[in-house]
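Start from the sequences, fold in the hints, and give me the full structure.
Line by line, the protein sequences give chains V and C.
With the first sequence counted from 1, adding 172 to any position gets you the working numbering.
With the second sequence counted from 1, adding 172 to any position gets you the working numbering.
In short, the hints are calculated from the structure, not lab data.
There could be a bad hint or two in this list.
[Claimed, not checked] Result set (PhoX-like, lysine-lysine): computed pairs, CA atoms no more than 20 Å apart in a straight line:
| # | chain 1 | residue 1 | chain 2 | residue 2 |
| --- | --- | --- | --- | --- |
| 1 | C | K304 | C | K324 |
| 2 | V | K348 | C | K248 |
| 3 | V | K348 | V | K371 |
| 4 | V | K248 | C | K348 |
| 5 | V | K293 | C | K353 |
| 6 | V | K329 | V | K371 |
| 7 | C | K293 | C | K248 |
| 8 | V | K324 | V | K302 |
| 9 | V | K353 | C | K293 |
| 10 | V | K293 | V | K324 |
[Stated by the list, open to error] Simulated coverage check for chain C against chain V, where a stretch passes if three residues somewhere in it have a Cβ under 8 Å from a Cβ of chain V:
| # | stretch |
| --- | --- |
| 11 | 234-246 |
| 12 | 276-282 |
| 13 | 288-295 |
| 14 | 349-359 |
[Stated by the list, open to error] Quick partial rundown of chain V residues pointing at chain C, CB under 8 Å, derived from the structure:
| # | residue |
| --- | --- |
| 15 | A279 |
| 16 | R280 |
| 17 | L292 |
| 18 | V323 |
| 19 | V334 |
| 20 | T337 |
| 21 | G341 |
Computed from a predicted model, the values in this text were never measured in an experiment.
Glycine included, C-beta positions come from ideal geometry on N, C-alpha and C.
There are 2 protein chains.
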Amino acid sequence: MLINLLVGGPEAVLPSGFYEWAQTQPNWVGADQGAVRLLAHGITPCLAVGDFDSSTAQEIAMVQQQIKRAVIDPQKDDITDTEMALRYIRHDFPGVTQVNIFGATGARMDQLLANLLFVLKPEFEYFLDKVKLYDRNNTVSFYRPGQYTLVKEQGMKYLAFVPLTPVQGLELPDEKYRLPKTDFLLPISLSSNEFIGNKGHFTFSRGVVAVIQSCD
Amino acid sequence: MLINLLVGGPEAVLPSGFYEWAQTQPNWVGADQGAVRLLAHGITPCLAVGDFDSSTAQEIAMVQQQIKRAVIDPQKDDITDTEMALRYIRHDFPGVTQVNIFGATGARMDQLLANLLFVLKPEFEYFLDKVKLYDRNNTVSFYRPGQYTLVKEQGMKYLAFVPLTPVQGLELPDEKYRLPKTDFLLPISLSSNEFIGNKGHFTFSRGVVAVIQSCD
Numbered sequence: 173m174l175i176n177l178l179v180g181g182p183e184a185v186l187p188s189g190f191y192e193w194a195q196t197q198p199n200w201v202g203a204d205q206g207a208v209r210l211l212a213h214g215i216t217p218c219l220a221v222g223d224f225d226s227s228t229a230q231e232i233a234m235v236q237q238q239i240k241r242a243v244i245d246p247q248k249d250d251i252t253d254t255e256m257a258l259r260y261i262r263h264d265f266p267g268v269t270q271v272n273i274f275g276a277t278g279a280r281m282d283q284l285l286a287n288l289l290f291v292l293k294p295e296f297e298y299f300l301d302k303v304k305l306y307d308r309n310n311t312v313s314f315y316r317p318g319q320y321t322l323v324k325e326q327g328m329k330y331l332a333f334v335p336l337t338p339v340q341g342l343e344l345p346d347e348k349y350r351l352p353k354t355d356f357l358l359p360i361s362l363s364s365n366e367f368i369g370n371k372g373h374f375t376f377s378r379g380v381v382a383v384i385q386s387c388d
Numbered sequence: 173m174l175i176n177l178l179v180g181g182p183e184a185v186l187p188s189g190f191y192e193w194a195q196t197q198p199n200w201v202g203a204d205q206g207a208v209r210l211l212a213h214g215i216t217p218c219l220a221v222g223d224f225d226s227s228t229a230q231e232i233a234m235v236q237q238q239i240k241r242a243v244i245d246p247q248k249d250d251i252t253d254t255e256m257a258l259r260y261i262r263h264d265f266p267g268v269t270q271v272n273i274f275g276a277t278g279a280r281m282d283q284l285l286a287n288l289l290f291v292l293k294p295e296f297e298y299f300l301d302k303v304k305l306y307d308r309n310n311t312v313s314f315y316r317p318g319q320y321t322l323v324k325e326q327g328m329k330y331l332a333f334v335p336l337t338p339v340q341g342l343e344l345p346d347e348k349y350r351l352p353k354t355d356f357l358l359p360i361s362l363s364s365n366e367f368i369g370n371k372g373h374f375t376f377s378r379g380v381v382a383v384i385q386s387c388d
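Shown next, in the form of structure tokens:
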């Protein structure tokens, strides 16, 4: 089962034409202000989760009235809106196979980094190969060790490999800038690579690698 | 000696009123399109560095005519514009004590991450406690193990601690969300903390921590 999750980050960096597209997609979940925005665009999420501390009383009432399953928890501990939403998604949809996340990036760098690095936490490691982040200029996927084929996404120009942990034996055999099997001890962003043609391969034997496709 | 460095990232996320402020500041260096933009705003950098592959012939001619020391290198290897600029800054200004970096963040997440993580590379480790990144919503500083006092910056609301490497004994004794001495094995963004009052302290005994002050 595929879930689409809208978090409450700045709307300016949502993919172009986001809400029109979103209206054609099933299985929306709204995290915090993301739930309010989905309702405002005629999309009723099947689940709303958040502390809603930046929402008005009227917005919270709307969420409670219109969304069947609305979890409003002002004490959401030490976790982010994204993490709280994923915790409930796992609980409510045990068959979840993919979560496309929107609105998780934008102005604040601490939130952006939290939304990139949560896959390294033991609780959310389950989602590592199931989540994908989308914004206007980037898509981000996460990989466990293995051999992979990447397909160039429409509108994207650049391709980057980002070891988030110590990574062993990362090899880029057929990208514009090739890399022989290399170990990385610390996080690094191998940025501004590109596909040659429509596909590219990569392989590594230990650690976690984020792959970013991006455009200017 | 303080150096101000403008890199060629999206202008929309530069701090508000950037160019007016920049005109009052000394010692500018322009990386790639950053050099062109400084000239366009009446600021002549003392050094321009980059491959200038996104600049027009006219822009490159302007850089060569107006900037005394212009390093235009189409073969800049595997390093980013920021890294190339810092390499030359270290060479040309051996007394450099601080580099304030602007234009290093923005739309592309691979570039943003490269500009956050380069301080972990042996070549640029020298700059770790000397660089600070600024954009419209964030300031980022980097710390080696030690005891520190942070001062709340004007207009910023949030405070985040981001272990970029394994970190030992991180303690937040007097922030809104306190943390007793804790070890982190993997990168994590401890986001959305806040100052209580105007100052906050933190300490850790091993690793590298980025500190982000941010606003919505």
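So, going through the hints one by one against the coordinates:
1. C:K304 x C:K324: 15 Å, holds
2. V:K348 x C:K248: With a Cα-Cα distance of about 15 Å, the restraint between K348 (chain V) and K248 (chain C) holds, given a limit of 20 Å.
3. V:K348 x V:K371: Holds - the C-alpha atoms of K371 (chain V) and K348 (chain V) are around 11 Å apart, at most 20 Å.
4. V:K248 x C:K348: Roughly 15 Å between the alpha carbons, so the hint for K248 (chain V) and K348 (chain C) holds.
5. V:K293 x C:K353: 18 Å, holds
6. V:K329 x V:K371: 12 Å, holds
7. C:K293 x C:K248: Given that 20 Å is the threshold and the Cα spacing comes to 17 Å, the pair holds.
8. V:K324 x V:K302: Satisfied, since the Cα-Cα distance of roughly 19 Å is no more than 20 Å.
9. V:K353 x C:K293: 18 Å, holds
10. V:K293 x V:K324: 29 Å, violated
11. 234-246: With 0 residues in contact (Cβ-Cβ under 8 Å with chain V), the coverage given for the stretch 234-246 of chain C is violated.
12. 276-282: holds (count 5)
13. 288-295: holds (count 4)
14. 349-359: holds (count 3)
15. A279: 4 Å, holds
16. R280: Constraint on R280 (chain V) satisfied, holds at 5 Å.
17. L292: 5 Å, holds
18. V323: 18 Å, violated
19. V334: 6 Å, holds
20. T337: Because about 6 Å separates T337 (chain V) from the closest Cβ in chain C, which is inside the 8 Å limit, the hint holds.
21. G341: 19 Å, violated
The structure shown violates the earlier hints numbered 10, 11, 18 and 21.
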